[in-house]
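Line by line, the protein sequences are chains A and B.
Reading the first sequence from the start, the letters are residues 1 to 185 in UniProt numbering.
Reading the second sequence from the start, the letters are residues 1 to 82 in UniProt numbering.
What the hints contain is simulated information worked out from the structure, not anything from laboratory work.
Model, not experiment: these values are computed from the prediction.
A short, non-exhaustive set of chain B residues, derived as facing chain A with CB atoms under 7 Å:
#1 Met-1
#2 Ser-2
#3 Ala-3
#4 Ser-4
#5 Leu-5
#6 Leu-21
#7 Ser-25
#8 Leu-29
#9 Asp-36
#10 Leu-51
#11 Leu-63
#12 Ala-67
#13 Asn-74
#14 His-78
#15 Met-79
Even glycine gets a Cβ: it sits at the ideal position worked out from N, Cα and C.
Take a look at the letters that make up each chain.
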Amino acid sequence: MKVFSTAITFDYSWEEVSTANWQKYGPWNDKASHVIAVDTLNRRIDPTTGILRTERLITCKQSAPEWLKSLLGHMDTSQVYEVSYVNPAAKTVTMVSQNLTLANLVNVQETVVYKPLNAHQTQFVQDARITALCGGWQRIKNSIEDSLVTRFKENAHKGREGFESVLHMSRRAFAEERLKVQMAV
Amino acid sequence: MSASLAQECNEVKERYDTCFLKWYSEKYLRGNGKTDDNECAGLFKDYQKCLKVALKDRGIDKLLEEAREDTKENDAIHMQRK
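Looking at chain A on its own, in the form it has when it is part of the complex (with noise of 0.2 Å):
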């Protein structure tokens, strides 16, 4: 098994980066064209906590190494299959997520979690552990867990500057939205 973690602070409310989130993968993000669609599966909301909880399907091009791909077979695309829960009294947003595309010769966990870090910051910390499970062969497991590490690296300073756009765009209609309103008034 190898493991990614990353940290990154965000100058937007905890508010603004949790609604902003929702369109992430959106038209906003050019950094994110990897990703053809993600569907909503169930939501729904606990009566006690009041927490948010919502499964998705993402459905990206597929990107694997060259190698990998004629190792693993060609596809077009592959999906992840994640759970989120927002928990508005404690202010977090966690999405874990998970392959659903060759799961049964690599698993990749991912867990997200954006937390308040004053009213103007919000932190996100990802940590994803990537464990090939294909038998024997350890060269190829610490090839096939190396690739995906890399990639890991690779998106999350695109991750970032793709997101960061999201927000200024989301902050920016939200600022029209409320003036609008305030016109009609």
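Got chain A sorted already, so can you dock chain B onto it with the hints?
Then chain B, alone, in the frame of chain A:
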């Protein structure tokens, strides 16, 4: 908003996503959205009706069942009051 994996569901998904985002930012985050029975419930039902067919056609429904089974214990950890 992002697209749906099934093109035929895009329109209803877009309507649901727009409704949800408004509800989330204007009600839920302000402590005024505490039930599943809200203004987006009807749209969600329509979206799911379309999506379920698409998931079944592509064989993704079975993979999802397995993933749900695998991740059950996460609910126990994350659904608690902290």
